[in-house]
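**Q** When you get a sec, could you build the whole thing from the sequences and use the hints?
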Amino acid sequence: MSIVAKNGFDEAVTPDVLQRAVALGRNRKSGSLHAEFLRYLPETRSLTIEFADHTAIVLPVENYPELAALTGDELLRLDLCFAGSAVCLNDRDLHVSIAGLMAMSQPLLAAAKTVTASYNGSLRSAAKSAASRENGKKGGRPRRIAISGVS
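In UniProt numbering, the protein residues as written are 1 to 151.
In case anyone wonders, no lab produced these hints; they're calculated from the structure. In this text, a Cβ means the ideal position worked out from N, Cα and C, and glycines have one as well. Mixed in with the good hints, there may be bad ones.
As the list claims (entries may be wrong) - Simulated crosslink set (SDA-like; lysine to any residue; CA at most 25 Å straight-line):
| id | residue 1 | residue 2 |
| --- | --- | --- |
| 1 | K113 | A21 |
| 2 | K128 | S118 |
| 3 | K137 | T116 |
| 4 | K128 | G140 |
| 5 | K113 | L76 |
| 6 | K113 | A86 |
| 7 | K113 | H34 |
| 8 | K113 | P60 |
| 9 | K138 | Y119 |
| 10 | K113 | L101 |
| 11 | K137 | S125 |
| 12 | K113 | A127 |
| 13 | K137 | A126 |
| 14 | K113 | L33 |
| 15 | K113 | A35 |
| 16 | K138 | A127 |
| 17 | K113 | T55 |
Unchecked claim - The calculated label-pair distances, taken between Cβ atoms and stated as ranges, are:
| id | residue 1 | residue 2 | range |
| --- | --- | --- | --- |
| 18 | R45 | A130 | 33 to 39 Å |
| 19 | R141 | M102 | 36 to 42 Å |
| 20 | K128 | Q106 | 27 to 33 Å |
| 21 | A131 | P60 | 42 to 48 Å |
| 22 | G121 | D53 | 21 to 27 Å |
**A** If you want it as structure tokens, here you go:
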């Protein structure tokens, strides 16, 4: 089996091609984590990471070995990189994923799991829709049978 590579470098950039590329970029960006602002707070020795909707997370530097080793001056020079998906300090060749920082915090990880479970539970899959229709044909959702003496 052989795979023939497609060379798209000679494709003319028409308004339609440009519009499709911009739409593709927006779709890719909306599906991942992109911070817009990073601030170091020396009084609490923590980083504030702000997103497009002005929500923010505050991460204590001491909880992250990569960041705890940095001086106050280096922490002030931290910047966002990789389209806002990482925190970087080029002097130290440091590139830390924001998603990775969040995943190292048990409370943030628990919150993310809860939100994901809630979102996924509210989705209507084909199986859920079929089960709902079947229950509707039978008069609605089956009722629990009450057992006397059990509270």
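**Q** Now look at each hint and say whether the structure bears it out.
**A** Evaluated hints:
no.	hint	verdict
1	K113 <-> A21	violated, 32 Å
2	K128 <-> S118	holds, 15 Å
3	K137 <-> T116	violated, 31 Å
4	K128 <-> G140	holds, 14 Å
5	K113 <-> L76	violated, 31 Å
6	K113 <-> A86	holds, 21 Å
7	K113 <-> H34	holds, 19 Å
8	K113 <-> P60	holds, 21 Å
9	K138 <-> Y119	violated, 28 Å
10	K113 <-> L101	holds, 15 Å
11	K137 <-> S125	holds, 19 Å
12	K113 <-> A127	holds, 23 Å
13	K137 <-> A126	holds, 17 Å
14	K113 <-> L33	holds, 15 Å
15	K113 <-> A35	holds, 20 Å
16	K138 <-> A127	holds, 17 Å
17	K113 <-> T55	holds, 18 Å
18	R45 <-> A130: 33 to 39 Å	violated, 54 Å
19	R141 <-> M102: 36 to 42 Å	holds, 38 Å
20	K128 <-> Q106: 27 to 33 Å	holds, 31 Å
21	A131 <-> P60: 42 to 48 Å	holds, 46 Å
22	G121 <-> D53: 21 to 27 Å	holds, 23 Å
Violation of the numbered hints given earlier is confined to hints 1, 3, 5, 9 and 18; the remaining hints are satisfied by the structure.
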